[in-house]
Structure formats: structure tokens, C-alpha cells
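Protein chains: 4
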Amino acid sequence: MASIAPPDVIRSAYAELVVTDLAAARWFYVDVLGLVVTAETDDALYLRAYEEYTHHSLVLRLGEAPALALLSYRVRGLQEVDAAEAYFRDLGVRVQRVPAGTTLGIGEAVRIEDPLGFPIEFFYDCTHVERLTQRYDLQPANALSRLDHFNVLTPDVPAAEAYYRKLGFGVSETIEDADNLYAAWLFRKQTVHDIALTNGDGPRLHHLAFAAHERGNILSTCDLLGALNKQGMIERGPGRHGVSNAFYLYVRDPDNHRIELYTTDYYTGDPDNPTVRWDVHDDRRRDFWGNPVVHSWYSEGTVVLDLDGKPRALGSAAASEEKVRVGADGFSVAEDLGEGKLGNQV
Amino acid sequence: MASIAPPDVIRSAYAELVVTDLAAARWFYVDVLGLVVTAETDDALYLRAYEEYTHHSLVLRLGEAPALALLSYRVRGLQEVDAAEAYFRDLGVRVQRVPAGTTLGIGEAVRIEDPLGFPIEFFYDCTHVERLTQRYDLQPANALSRLDHFNVLTPDVPAAEAYYRKLGFGVSETIEDADNLYAAWLFRKQTVHDIALTNGDGPRLHHLAFAAHERGNILSTCDLLGALNKQGMIERGPGRHGVSNAFYLYVRDPDNHRIELYTTDYYTGDPDNPTVRWDVHDDRRRDFWGNPVVHSWYSEGTVVLDLDGKPRALGSAAASEEKVRVGADGFSVAEDLGEGKLGNQV
Amino acid sequence: MASIAPPDVIRSAYAELVVTDLAAARWFYVDVLGLVVTAETDDALYLRAYEEYTHHSLVLRLGEAPALALLSYRVRGLQEVDAAEAYFRDLGVRVQRVPAGTTLGIGEAVRIEDPLGFPIEFFYDCTHVERLTQRYDLQPANALSRLDHFNVLTPDVPAAEAYYRKLGFGVSETIEDADNLYAAWLFRKQTVHDIALTNGDGPRLHHLAFAAHERGNILSTCDLLGALNKQGMIERGPGRHGVSNAFYLYVRDPDNHRIELYTTDYYTGDPDNPTVRWDVHDDRRRDFWGNPVVHSWYSEGTVVLDLDGKPRALGSAAASEEKVRVGADGFSVAEDLGEGKLGNQV
Amino acid sequence: MASIAPPDVIRSAYAELVVTDLAAARWFYVDVLGLVVTAETDDALYLRAYEEYTHHSLVLRLGEAPALALLSYRVRGLQEVDAAEAYFRDLGVRVQRVPAGTTLGIGEAVRIEDPLGFPIEFFYDCTHVERLTQRYDLQPANALSRLDHFNVLTPDVPAAEAYYRKLGFGVSETIEDADNLYAAWLFRKQTVHDIALTNGDGPRLHHLAFAAHERGNILSTCDLLGALNKQGMIERGPGRHGVSNAFYLYVRDPDNHRIELYTTDYYTGDPDNPTVRWDVHDDRRRDFWGNPVVHSWYSEGTVVLDLDGKPRALGSAAASEEKVRVGADGFSVAEDLGEGKLGNQV
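Heads up: the protein sequence lines correspond to chains A, B, C and D, in order.
Numbering-wise (the UniProt record's numbering), the first sequence opens with residue 1 and increments by one.
Numbering-wise (the UniProt record's numbering), the second sequence opens with residue 1 and increments by one.
Numbering-wise (the UniProt record's numbering), the third sequence opens with residue 1 and increments by one.
Numbering-wise (the UniProt record's numbering), the fourth sequence opens with residue 1 and increments by one.
None of these hints come from the bench; they were simulated from the model.
Model, not experiment: these values are computed from the prediction.
Check the hints yourself; a few may be wrong.
Under the rule of at most 30 angstroms between Cα atoms (straight-line distance), these lysine-lysine pairs were calculated in the DSSO-like manner [claimed, not checked]:
{"hint": "1", "chain 1": "C", "residue 1": "Lys310", "chain 2": "A", "residue 2": "Lys323"}
{"hint": "2", "chain 1": "B", "residue 1": "Lys189", "chain 2": "B", "residue 2": "Lys166"}
{"hint": "3", "chain 1": "C", "residue 1": "Lys166", "chain 2": "B", "residue 2": "Lys189"}
{"hint": "4", "chain 1": "C", "residue 1": "Lys230", "chain 2": "A", "residue 2": "Lys323"}
{"hint": "5", "chain 1": "A", "residue 1": "Lys230", "chain 2": "C", "residue 2": "Lys323"}
{"hint": "6", "chain 1": "B", "residue 1": "Lys166", "chain 2": "B", "residue 2": "Lys310"}
{"hint": "7", "chain 1": "D", "residue 1": "Lys189", "chain 2": "A", "residue 2": "Lys166"}
{"hint": "8", "chain 1": "B", "residue 1": "Lys230", "chain 2": "D", "residue 2": "Lys323"}
{"hint": "9", "chain 1": "D", "residue 1": "Lys166", "chain 2": "D", "residue 2": "Lys310"}
{"hint": "10", "chain 1": "D", "residue 1": "Lys310", "chain 2": "B", "residue 2": "Lys323"}
{"hint": "11", "chain 1": "D", "residue 1": "Lys166", "chain 2": "D", "residue 2": "Lys189"}
{"hint": "12", "chain 1": "C", "residue 1": "Lys310", "chain 2": "C", "residue 2": "Lys166"}
{"hint": "13", "chain 1": "D", "residue 1": "Lys166", "chain 2": "B", "residue 2": "Lys323"}
{"hint": "14", "chain 1": "A", "residue 1": "Lys166", "chain 2": "A", "residue 2": "Lys310"}
Derived, one-sided and incomplete: chain D residues facing chain A with beta-carbon distance under 10 angstroms [what the hints assert, rightly or not]:
{"hint": "15", "residue": "Arg11"}
{"hint": "16", "residue": "Tyr53"}
{"hint": "17", "residue": "Asn180"}
{"hint": "18", "residue": "Gln190"}
{"hint": "19", "residue": "Ala211"}
{"hint": "20", "residue": "Glu214"}
{"hint": "21", "residue": "Gly269"}
{"hint": "22", "residue": "Val276"}
For glycine and all other residues, C-beta sits at the position ideal for the given N, C-alpha and C.
Just chain A, with the same shape it has in the complex (with noise of 0.2 angstroms):
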């Protein structure tokens, strides 16, 4: 493996969902959401946000039951997907070469089982659209900018951020102890991720997070749901994060795919980028508030499929970020923390 280089990534680029009722996922993400459609199928809707100008960032898949098809990684170029297809089979994973138009709007690429046992792919051409960035006439009050990262369930966390600073991740945040990695940050693009590794029982996708301008835009998202008397599929949030400071909100689809709004995290494009490692007994990791974390959002997840569309078993977690948050007489113990800990930032 050591002679062989990894594809050059550009970033995460899109994900395929299986959805149950695409009529109602039309609505959860076209009409709630406010996401742009590119493209429309008897079976799928291919959609993008309105800063996006390669042809879309989710596709929306009808099945028989709600699943995670595709996590969709852009390369530099036409060759990094020659590249990728080495790489892997070096690796001696599932590599598959899929030809041009396999999904609409995209061109010639490699589709691979990871080691985390999620279906990947590597692709670098596809259709140009529209870019709307200043069409304004159509974007609603929470308007979303375009596809900001994956977030994924996986019982190794170690195993998982040692196998992506192979393919050339950085690290940008952490959670740990003494002990334990519960979870972890990586980046290509220049911000704080492309993909964040979260402890779990795994594979599952924990969600994806489409990137907004303002915290005003994700709390119309709010607004929007109360006013359309569903409030429920607002899972988390509003808040903001520690990990990564960005402003957030997890809302579930009608499947139940969890879909985070996100806002103004920050730059990490220098190569010597710190690493801000969060203690995991700090209340303020995953909400700088210290609003609690429902129990849904660290124990629920999407089922993924391999590359013939057959649902992963899953691995155990060993470790728990969740149980180790409370401490032995019930009371978090971030209270035990110094003020203004926030990690190693330098």
C-alpha cells in the first residue's frame, strides 16, 4: 500500500438516500427544505442547494425501505479516479468501475465497499447547472448554500480516522479521553469537515449537513416546521457546537434520515491546521450551550447498503460517548473542567 498513492479528494460532494414515499421526501426537502430540483425521475429526484453548480448533492432513490446507498466523494480530475480504482484494489476492497451516467448528471467513476464497510464512490466529471447564488427571487428564508459534510456510525473510530489520514484527510477536532476516540473531525475542503466519525454501532449514516449562510436561515427552518404543525421532525437544536463552532440543527426526514442545517464554521486550509481535541467530559463538545443531546440523536441511524444494495450487518460499539458524559452520581462532571477549556487550539 505504501507505493501506491490515494486519490487527490476535492471534498464530499453528494449522498444517495433510499427513500420509502417519494412523494413525501419531495416534500421534506423541495418544499420544506427549500433544496433546488436539478432533475426528476419516475423513481428519483436528483437535488442541489442554490450555490451548486455540479448537478446535484442528494439523490433521492425510491425503495423498499429507507437506506443510505452512496456517500459521493469528488476527485481533482478524471485520472484520480483511475487513481482511486488502484488505490482500492491495492487495498483489496470491493472496487467497482461504473461507466458515465450511471447516476444522472455524473460521469465515469469507481464505486468501492470501504473497510468501514460504507458504499463509496470516487467520481470527478459531471453536468454543470445553474449556479443560484444571487437568484433570490427564488430562495426561501432558509435557503441552504450547498452540501457541507457526511457524518457516519462506526463501532472504530481509531480504525476509521487512521484508514481517512491515509486517503489524506485531516483532522481538525476530536473527541477523547485517556482512553478512548469517540469521535472525529476530517477535512479536504477547507473547512472544519467532509466527513465526521461518530462511536456507534456501525455502518450507519449518522446524517448529512447542507451548509447555510446565516443562523437566520436555519432558524426559519424552525419556523417553518411549527408552522406547519411539524415541530416533531426537529430532532435537535438549535445550538451551537463546540466541535467545530458552527451553528447547527438536526431535523429527521419522513424516513427518518437525519439532515443537519449548519452554519459558520472556519477555516482550516493551512497544513499545519490545529487540531482542537475536545475532553469528553466537557459539556460543551457537541452543544456549546450545554444543551443535552437526546438520546435518538447518538443511538438512531441509516442503514446502509452494500454495492448490491443489501443492508450492512452491524458492528458493536465498545465505547460510549453517551454513557460517559454523566458521571457516577448522575451530574455531568463538565462542571469539574476549568474555565474557557476548549483544547489544544494552537
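Using the hints, position chains B, C and D against chain A.
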């Protein structure tokens, strides 16, 4: 006059504008500004903002030439409509009693030609309609909450201010110097104003203002106009007023009627609310950030009709705030003022 | 009682809290919440928000145990202080006339023990101080504009509501079902409330609320508390209330007094302002986004002193909004409500 | 030149400005703009914004006359400093190798006089300092996040653009017509620009820009300057750029150096990121809301020093965007453009 009490006015309630192209006006007020259509006929539109439950706050009526047909105040009860009739008959101005329904949705009313030359109405009864405060599913990014105030051009501001004070209005702010009162802001409801008096040839309507929740709502109107390539309809702003401290934007409708979008002024409901007196030489009085006021804003206004629908002749203003502002050397003299001089606010 | 008119109350004006550590209280209210110190003595702090020109809206007085010492309403003039004295003597409650300066900065006043058990003051005269509306050089990111309202716990909300209605307050919103009135919001100034009545063991103070301009100001308080590692002082929120439509945050001071930060509710100044009646089963009434209300918010409150400074005994509430909310099956019953049902708002 | 690769530039990293009054400059940059002091000596200030962990992004050095002393780019590693030396020696421009500490906090570097006449530095090593991202206890309402870009005046934009493209920069946007390229925006990091090239007599610095999280942060700077009666330091804005879609404000420091506050542009990190080409006749290119660009903004800039500290002579610009903008009839020609024409964004 001493023996007759003025009617108990609650607030500025609605205006009726004559527009020359109802479709164009609908586009501007409904599609761009996002006002809600309460009712629509062949020759008129009845509009309201999202927090209003009274039938309308703006009537657009088709006519030959752009004009202001009516400024309407709501009074505290039906008996106050009678009080208005008695008060203005005693004052010796032209008074008309009009039956319920003369304006759709409005009950019995009294209309007058006031001493400043404006067609003014007083009513209490009106049709209630759905208050859409929390219908975020209907509200665009630039949603407006309610009509806030009228602003009129009049050649003799001191006389106009005295007239409105006798009518029971409080004075929140002024622009003045040793010799002249250039402008005054007067209120009945507990905000900075229901009516502003602006020095200029008159009677003319300077603008109507609608309130929004936050600055972001108003900036969204700017973005929307730019997206539509109708940025030329923005006349002035966005900015923050020195007077009132409100964040503002002025737009011109297809007939050149001027509309202000306005947010976060302050509470004025205590009887000893201090009047803030701005020195006319203080560059911050009209824009707290010192941005220049465009000439059209000082000079242009909407023709006013009498109760027969005939345009009013204009009286000429003696004083001119616009001219005073610039010193003999052609430069603004604002620099000579001490720091932090905001008038007497105690 | 029929023959004696109630005093003309303008608004909720200030509260006096007993705190056990003045330095800690100063840190919280001045350094964290950003209130302005009007005056300071060995055993008391007199604070105001940036748009207030009356001497203070909060007095913090050093004492043995945390308590509410006074809720004070401003009336329309000195003669209304007399009117208050007459009204409450007639009502048969305990009444004290106190001379000017009994509270620093406050003129002659009447204090009573009201029928709900609260120590209430009525005053008009007070010292004017600088209104700092535009002193942005002094204002932090989380600046507060003015005191907005009081919220009290009382076992018998229907009786309390009837008492306040007789005192001339209007009812803007309620939470109720066929059998019970769980909470009511009543106002004199033209906002949703000056006083809210919350079902619970009482008399106790539930919270004081300060208004801010925008949601961003309130989110800045969250960020500040997180930065100081004092996120545990955030009790509930941020969120949007169903009732009032205001954006909110609840924090607890070092003595556990509860403070609400509150923004953008709506105008209620018309005499026919519709009362919004929320079904107690509507999950959105307390948080429009469906976030759960923490138990402490329902159950905890500040002890109230009588006019001799002795703590009041509590009466027990019969009804409980907190318990009603969850159906027999343990699930919220909000899902059973139709879409968009926000109570009668016409 | 073909055989020598350019250095791998990461981003615009810091500028050094000569100021004539260090106390006045400190007031402006620290007290008003809120930048953080990393280090301070008798004749210099080293400043950074809240999300920066590299030693500084702005050096203010006391001198006789206002000037730009240095624009500094960070490169990907120490070997890229060598690469810069080789590349520019080959290019035939003046090159200086300077030891670590030549600028406080900055390691070994290469300085050049670039073909456009600017003093440019390339460095990698630098002292890390505390990243204050979440120190909301230190951040004012108008907090700035990081240096975003440089903008320079140069008489020959096409030549300058070709120079920067060879150096490996991508072109995100332009202003042009059939005959001329008036301005170009080029980037290394994944934002709209690290450097903008503006047509005008040059070499001069047009401005430095700092990024903020949201529009509200920038509006707070306006409010602060008004409160200080220093509103005259606002030169242009606030507004939204057509180019970049960013919300902006231009202020002038006590030496007339121009600083831009800038927020929410967009991601440009994909290799096929479309170049947006604005027609010079489109009124929205500089301000999406059509607000006029003040003359000083087009005409004024900061003198540039050579590596000996001597002011550079200016070359005259042939083309002039400012003059093109207005048609022969004296009116803007923007109205002639079709709706929604925002250049090729696919």
C-alpha cells in the same frame, strides 16, 4: 375649539394610493414586498402585512395618475368617530361622514380635508381577518409585520406640528436649529411615530412605512430587487436612521410612490418620554452612518387628492433642510459637532 | 369596588430582587447580561437596559436569602398613585404609602400586598437618566433594550386573571382546555404582556424578562455563557414561543432567579386585539419548535416577600400544565391537532 | 520560465501598513474594528482576527507617510519558500531572502518586487498563537474572523491577471466588456479571492479585507462609528457585492488606508469552478442593490513602497471602469440589460 376634545386616535391604520397599472402594482406590493391580498376587485387591491388582523393597511386603487387618496387613522371606538366629526366641524375644515363599506372592510367613518391639505379618515369598525403572525409557511424572507407610519411633506412644519399636538399626538423627535423646525415625528401608538412631518412643498405624501422584525428581512428585499434586476427601485439605504434609531430602506413603486421598510425603533409609551432634538447640522440625523441623502428623497413626493379626487395645489416651503445641511464651503459641517451629540434624550 | 376606578397603569417598570452575593450578582447582570449601572451602594445595585431613561428597571439588594422584594408598575401620573391607594384600600388589601426616595430614584409611591400575595408598587415620578439607545460604543453583542414583563406563579390563574382584568389589563394570549386556564398573558403597554400568570404553587416569581432588538443579541448571550464555561446557567432555549411568537432564552442568575431574554413579539394596542387561545395539548404553545420544557422551568420559582420582608407561604396549584401535556400513553398528543391550528387569532 | 514551477501559495496571509500615528491606528484597528493585539512595540503593532492562530494578519508600522510596505502570502511549506526564490529569480524581478524574525513572528521568507510593482513576501514558518474562535467573552458585536484578501490598483489588469494565473491562482470573477478587462478576482484558498486586481493608476493598494461571520457583525461597525461621531470614516456601503455575492463595508483608517469588512462569499475549491464574467455595464457588479460607487473608491489608494522603503511611481491606467459605467446621456445603462443577467455562472 377649547371646549371640544379631539378624537382618541389609536394609530395610523391604512393608506389608499392611486396607481396607474394595477398589475404592476400587484407585482411590486405582493410579489416583491410580500404583502398579503385580503381582497381584490377589478380596480382595487386590499393588502395587509403578516401581523395585521384588521382588513387592510394599504388600498391600491386604479386611476389616471399616481396620487394619495386617503390617510386613515383608527380611533378607539365608534363614539370617537363621532368625536372626530364634532372636532373637525368645530375646526371649520371640510368634513364628510361616510357609511360602512365606503372602503371595503371599513365601517362607518369620518373623512376630512385637514388644515395641512391632506385627505384624512377616522374609523373604528372594520372586518377582522386572519392574523398570519406564525404562518411562516406563507412568509418570504423579506416578510413585513405591519404598517408603521405615514410621512408627509408640508411647507410649514411648525404649524403642522402644533396641529398634530392639539390632536393629541406626542412628539418623539425633531430636526431643528435656532431658527427652524425642519421635521417632527409624532405618535399615538407606543413607537416613534404614526406620522412624520417633513419640510417641503406640500401637501404631498413623502412615504408610507411598513415594519419588519429584523434587519435581515429588509436586506432580503434589497437582494430580491437585485436578483430581479430592479435595483433601480431602491432609492436610499439600507441604513440606520439617527432619528428613531430604526434600520431602514426606501423603495419606489412602479408609480414612484415611496415605501419605507423599517425595523427596531423604540418604546415611547410613557407620558414623559423625552423628545430627542437633532441639530440639523448633525450628519447622523437622517443616516446614522453618514451616508448622504439622495436629492430625490428630499424633493419628490406623491400628489395628494382632496375629497373630490382632485389634486391639491402645492404650497412652497420656505426653509430647506437639504440646503442647510451643506456649509458655505460646500462641505458638510457635521465634523464640527462634538462626539456623541445625539440631542437631549433625558 | 364598582365605584372606584383602578389606577391607570402604563407598564411593568422595575423589580427588586434580594440576592445573597452582590459581587456575583453584579458579574451576572452587568458583566454577562450587559445591564447598565445607574447607581451602586454598599448593599444594592440599580440597573437599567440601553433604551431606558427611567432610573432603573432592576434593583438587586443584598439579603440573607434569595427573594422577590417588589414588582413595580409605573402609572400615568402622580394622581394615579393616589388612585392606586384608593383602589386598593377599597379592595381591602394591605396598603403602604411610601415617600419619594424610599427606593433610590423613585418618587412617592404606593405599595400593596395584592390578592395573589405579591408585593406590588405603583409610582409615577422618577429620576431621568441618559437613554443609551445609540451609544453603540457601550453596547455589547448581547445588549438588552428594556424590561419587558414580569411572570408569576400563582395557584389560581382564573382568579388572578380576573383580578388583573379588573385592574385594566388586556388579555393577549392564554393556555387552556375545556376545564382549566393554565396560563394567561396580560398587558397595559402595547406588547403581548406586562404580566404573565403561570399555574403553579404560589405566590412565587417565575421570571423577569428583558427585551432585545434581534435574535442575534440573545444568541450572543448563549455564546458568552459557553465561553465562560457557565453554560449551566442556561435553563431553557433558545427557542421561539408559540405564545407571543417571541424568540426567547431563559437563564438562571447566581441565586437561581430566572431571567428571560425576549425579542420581537407583536403589537397589541388596538382595543379589539384578538386573544389567542392555545390548547394546552398543542406542543407548540411553549416552544413553537416542539422542544420540551425542562422540569425545573415548570416547578421552580423565587420566593416572594411581604411588605415586612417576610417570605410568603405557598398555596398549592390544583391544575398542572406540565402533567396535562403528556397523554395517557406517555406521548405528547400534539400530533392529534390539525395543521396550522394556532388558536383563534381573529 | 516554463521549466520552473511557481511556489504553492496557500493564501493571502498578512499586510504591513505604514501609519503616521500609532495611537490613532491602534484606536481604529483595536478599539473600533476589534482586532486582537498579538504583540506591540514602540513602533509597531501586530494584529490578528479572532479565528487566526498564525501570529498576525496585519502589521502597523510607524513611519513618515502612509504606505503599503508588504503584502505577504503563506506557502505550503519551507521548501516552497525556496521555490518562490527560484521562481522569481528566474522571472528576473528583484528578490530578497530574509531571515526568520525579520518580521516579528514570521520565519524565513522571500521578498520580491513583483512585475506589477508590489512588495510581496512568501513565508511558511510562523509563531502560533491562541485561536480565539470561541472566546466570545472577548469578542465585540463587530468581531472579525480572519483576513480575507488583498485588493490592488494596477494600470494593466490583463497583464496582472496573466501574471497571477501563472503563479497558480484561479479566476473566480471578472468585470469586462468586449474591449477591456477592468477587474479580476483570483484565489488560492477556496473563497472568491486572495487578491483582486482593480483597474487604476498603480501600483497602489486598494484595500485589505477582513471576513466576519454574518452581516450583523458588519452593521455593528457602522453603528459603532456613528456612536463615536466618526461616521465619516465609512466610505462606501454597507451593501452586497454583485461580484462575490459578499456583504460588504468599506472604511478608511486615520491614514486613509481602506479596509473592507466582508462576509458570506462562496466556495470555489473545485477545479472547474466557473468564472463569473460581469458586463461592466451591469449596475449590480459592484453593488448588487444598485447603490452608486463613490468617486473616492475608484480613485484613491495607498502608495506602495519598494523593498528599500521608497515610494513607487505610478503608471497610468488607460481604461476606466468608473467612466464606462455611465452612458453618453449621463444615465446608467444598467436598465438595458435583461433580467437576471449575472454572467456565465455554469
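Structure-based check of each hint:
{"no.": "1", "hint": "C/Lys310 with A/Lys323", "in the structure": "45 angstroms, violated"}
{"no.": "2", "hint": "B/Lys189 with B/Lys166", "in the structure": "16 angstroms, holds"}
{"no.": "3", "hint": "C/Lys166 with B/Lys189", "in the structure": "23 angstroms, holds"}
{"no.": "4", "hint": "C/Lys230 with A/Lys323", "in the structure": "22 angstroms, holds"}
{"no.": "5", "hint": "A/Lys230 with C/Lys323", "in the structure": "22 angstroms, holds"}
{"no.": "6", "hint": "B/Lys166 with B/Lys310", "in the structure": "28 angstroms, holds"}
{"no.": "7", "hint": "D/Lys189 with A/Lys166", "in the structure": "23 angstroms, holds"}
{"no.": "8", "hint": "B/Lys230 with D/Lys323", "in the structure": "22 angstroms, holds"}
{"no.": "9", "hint": "D/Lys166 with D/Lys310", "in the structure": "28 angstroms, holds"}
{"no.": "10", "hint": "D/Lys310 with B/Lys323", "in the structure": "45 angstroms, violated"}
{"no.": "11", "hint": "D/Lys166 with D/Lys189", "in the structure": "16 angstroms, holds"}
{"no.": "12", "hint": "C/Lys310 with C/Lys166", "in the structure": "28 angstroms, holds"}
{"no.": "13", "hint": "D/Lys166 with B/Lys323", "in the structure": "54 angstroms, violated"}
{"no.": "14", "hint": "A/Lys166 with A/Lys310", "in the structure": "28 angstroms, holds"}
{"no.": "15", "hint": "Arg11", "in the structure": "6 angstroms, holds"}
{"no.": "16", "hint": "Tyr53", "in the structure": "6 angstroms, holds"}
{"no.": "17", "hint": "Asn180", "in the structure": "23 angstroms, violated"}
{"no.": "18", "hint": "Gln190", "in the structure": "5 angstroms, holds"}
{"no.": "19", "hint": "Ala211", "in the structure": "8 angstroms, holds"}
{"no.": "20", "hint": "Glu214", "in the structure": "5 angstroms, holds"}
{"no.": "21", "hint": "Gly269", "in the structure": "5 angstroms, holds"}
{"no.": "22", "hint": "Val276", "in the structure": "8 angstroms, holds"}
In summary, the structure is inconsistent with hints 1, 10, 13, 17 from the numbered list given earlier, while agreeing with the others.
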